[in-house]
Amino acid sequence: MLVASETDTVNAVPIAPNLFEFSADGAHLIGSRCINCGEVRFPVNDFCPQCCTETTERIALSRRGTLYSFTVQRFRPPPPYRGSENFQPYGVGMIELPEGLRVTTVLDDNNPEGLSVGIEMELVVTKLFEDEVGRDVLGYKFRRVNS
Amino acid sequence: MLGVGLHPFGRFGEKDVIEIGREAVLKAIDDAGLPWQKVGAAYCGTVFAGPMAGNKVLARVGLTGIPIVNVENACASGGSALREAYQSIAGGFCDVALAFGMEKMPKGFIAGNPNDWFAVMGLAVNPQYFALKARWHMATFGTTEEQLVQVSVKNHRNGALNPFAMYRKAMSFEEIAKSQMVNDPLRLLMLCAPNEGGAAVVLCSKEIAKQYTTKLIKLAAIVLDSPLYGTTEVPHISVSARVEAPTVTMTAAQEAYSQSGIGPKDLDLVELQDTDSASEIIYTEELGLCARGEGGKLLDDGATEIHGEIPVNVSGGLLSKGEPLGASALAQVAEVVWQLREEAGPRQVKNARVGLTHVYGALGNCAVSVLHR
Chain A
1 MLVASETDTV NAVPIAPNLF EFSADGAHLI GSRCINCGEV RFPVNDFCPQ
51 CCTETTERIA LSRRGTLYSF TVQRFRPPPP YRGSENFQPY GVGMIELPEG
101 LRVTTVLDDN NPEGLSVGIE MELVVTKLFE DEVGRDVLGY KFRRVNS
Chain B
148 MLGVGLHPFG RFGEKDVIEI GREAVLKAID DAGLPWQKVG AAYCGTVFAG
198 PMAGNKVLAR VGLTGIPIVN VENACASGGS ALREAYQSIA GGFCDVALAF
248 GMEKMPKGFI AGNPNDWFAV MGLAVNPQYF ALKARWHMAT FGTTEEQLVQ
298 VSVKNHRNGA LNPFAMYRKA MSFEEIAKSQ MVNDPLRLLM LCAPNEGGAA
348 VVLCSKEIAK QYTTKLIKLA AIVLDSPLYG TTEVPHISVS ARVEAPTVTM
398 TAAQEAYSQS GIGPKDLDLV ELQDTDSASE IIYTEELGLC ARGEGGKLLD
448 DGATEIHGEI PVNVSGGLLS KGEPLGASAL AQVAEVVWQL REEAGPRQVK
498 NARVGLTHVY GALGNCAVSV LHR
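For the protein sequence lines, the chains are A and B, in the order given.
For the first sequence, my numbering begins at 1 and goes up steadily by one.
For the second sequence, my numbering begins at 148 and goes up steadily by one.
Careful: at least some of the hints might be erroneous.
Stretch by stretch, here's where chain B covers chain A in the computed footprint (C-beta under 8 Å, at least three residues) [to be verified]:
#: 1; stretch: 69-78
#: 2; stretch: 104-117
Computed from the model, here is a short list of chain A residues facing chain B with C-beta under 7 Å [what the hints assert, rightly or not]:
#: 3; residue: A16
#: 4; residue: I35
#: 5; residue: E39
#: 6; residue: R41
#: 7; residue: F42
#: 8; residue: P49
#: 9; residue: C52
#: 10; residue: V92
#: 11; residue: E96
#: 12; residue: G100
#: 13; residue: L101
#: 14; residue: R135
#: 15; residue: L138
#: 16; residue: G139
These are calculated hints, taken from the structure and not from any lab test.
For glycine and all other residues, C-beta sits at the position ideal for the given N, C-alpha and C.
If we strip away everything but chain A, and leave its shape as in the complex, we get (with noise of 0.2 Å):
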């Protein structure tokens, strides 16, 4: 069962609106999906772009699937990215989940040595940096299992 969004804190703002709640088993993303082909797309959007129709429905997605590619961003994004003044090189991902889709996301996580095609990973929910009023906004990230 899905409950109300616990991410719109005072001391916490979701980077974006309907990319992921909590349930009661912790944090995962929201997809949708086409009720005529079935197929799953995330972010969660009411327009299905195979059948050309608002056909779809929102569904809460798996926090595990595997890591399908994977490279390591080595230098600082040009704006609008934000990240700490002191940038850390990280990983960032496709996760192919079990609802017939392939998620880029950032991993947490920059060692690609300890990455390879295949493995299983799971979603976490994580402090990105703080606004200008001080709050945490918060993102998505995969981590392996078990690391």
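Based on the hints, put chain B in the right spot on chain A.
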């Protein structure tokens, strides 16, 4: 294809982008050998030159009252302008048309849209997406880091022979293999640089061409495609793992082969979108120059060298020339035209009779042309 002209690709200080475009247009008109007043329509591809850039260029070539259309289609902008020019002639609206493009792009990696949350998170850096594709290809087909280096060695070696290229300098295996890692497995010298430059081509009907030249070069196909549902484009937040549609390069190439009656085995040279080293290997497969997964082997066999079985990016490609988005496709066309006329000097492909060009841009815009003499 009556005339082609380039403004060199590189960095030109304070020089105005409109002047860069104007020089390319004047060279193409001069190469065509006909007066500007004969041109009946003009199409300008650019991303960074601002509104009405084509009109500003042509106001300094001559005000003749013709329709001028400005086209923004990312890396496929020049190819899109060429298709419009072709259609205006094929549709009987004019006898002579101009397609041109120019850019003066900011240095460094292209910045993300300030309103995109994924750009704020650090997921809007183009080479990340090329790297994800590269890593997948390596994991799936055994493509090696050494092969990624070799693509860049080849294209820089070719580009050293091209006076219009930005680098014009051969680079050693060591130099490329030890250049800064940008997005693993892609290093700095395996990525093309956004830069400045201009390109223009003059097209006309066959009847007109015969009045001006004996070296007839025919544009046998020009295709512009956007992607089908289920493909993986730059950038992507999620893609389907259930639907595996042919890529936009595959569909555009198939249509170009079908329109022209020319197949991949008939080609004597190919200019393709080597945004990065891995892209060249992947596109040789998607254009049908070899089987899926065999792009690395095609390279290792030397087939894509200037005197190989199917030379790829003899101009130096984007890796050596850099990529001014609106001009890049038309510069590929200019290279093929020079090759088919046997005017390519030290980088001339022997007996070049048929060539193909390919550009691929953001969100999956792809333009493919086939030319023959």
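The hints, checked one at a time:
Only when three residues or more bring their CB closer than 8 Å to a CB of chain B does the claim for the stretch 69-78 of chain A stand; here the count is 9, and the claim holds. As drawn, the stretch 104-117 of chain A meets chain B at 6 residues by the rule of a beta-carbon pair under 8 Å; at three or more, the given contact holds. Residue-level restraint check for A16 (chain A) holds (minimum Cβ-Cβ distance to chain B is 4 Å; threshold 7 Å). The restraint placing I35 (chain A) at the interface with chain B is violated, with a minimum CB-CB distance near 15 Å, outside the 7 Å limit.
Interface hint status for E39 (chain A): upheld, as the beta-carbon distance to the closest one in chain B is roughly 6 Å, under 7 Å. Using the Cβ-Cβ criterion of 7 Å, the hint placing R41 (chain A) at the interface with chain B is satisfied: the shortest such distance is roughly 6 Å. Taking 7 Å as the C-beta cut-off, the interface hint given for F42 (chain A) holds, the closest approach to chain B being about 4 Å. A cut of 7 Å between beta carbons decides the hint on P49 (chain A): the least distance to chain B is about 5 Å, and the hint holds.
Annotation: interface hint on C52 (chain A) violated; nearest CB of chain B at approximately 9 Å, more than 7 Å. About 5 Å separates the beta-carbon of V92 (chain A) from the nearest beta-carbon of chain B, less than 7 Å, and the hint is met. Contact between E96 (chain A) and chain B, as hinted, is supported at the beta carbon level, the nearest pair being about 5 Å apart and thus within 7 Å. For G100 (chain A), the shortest C-beta to C-beta distance to chain B is roughly 4 Å, which falls under 7 Å, so the interface hint holds.
The interface hint given for L101 (chain A) is met, as the beta carbon of that residue sits about 5 Å from the closest beta carbon of chain B, less than 7 Å. Hint status for R135 (chain A): violated, given a least beta-carbon distance of 14 Å to chain B, over 7 Å. The interface hint given for L138 (chain A) is broken, as the beta carbon of that residue sits about 11 Å from the closest beta carbon of chain B, more than 7 Å. Against a cut-off of 7 Å between C-beta atoms, the interface hint on G139 (chain A) holds, since the closest Cβ of chain B lies about 5 Å away.
Violation of the numbered hints given earlier is confined to hints 4, 9, 14 and 15; the remaining hints are satisfied by the structure.
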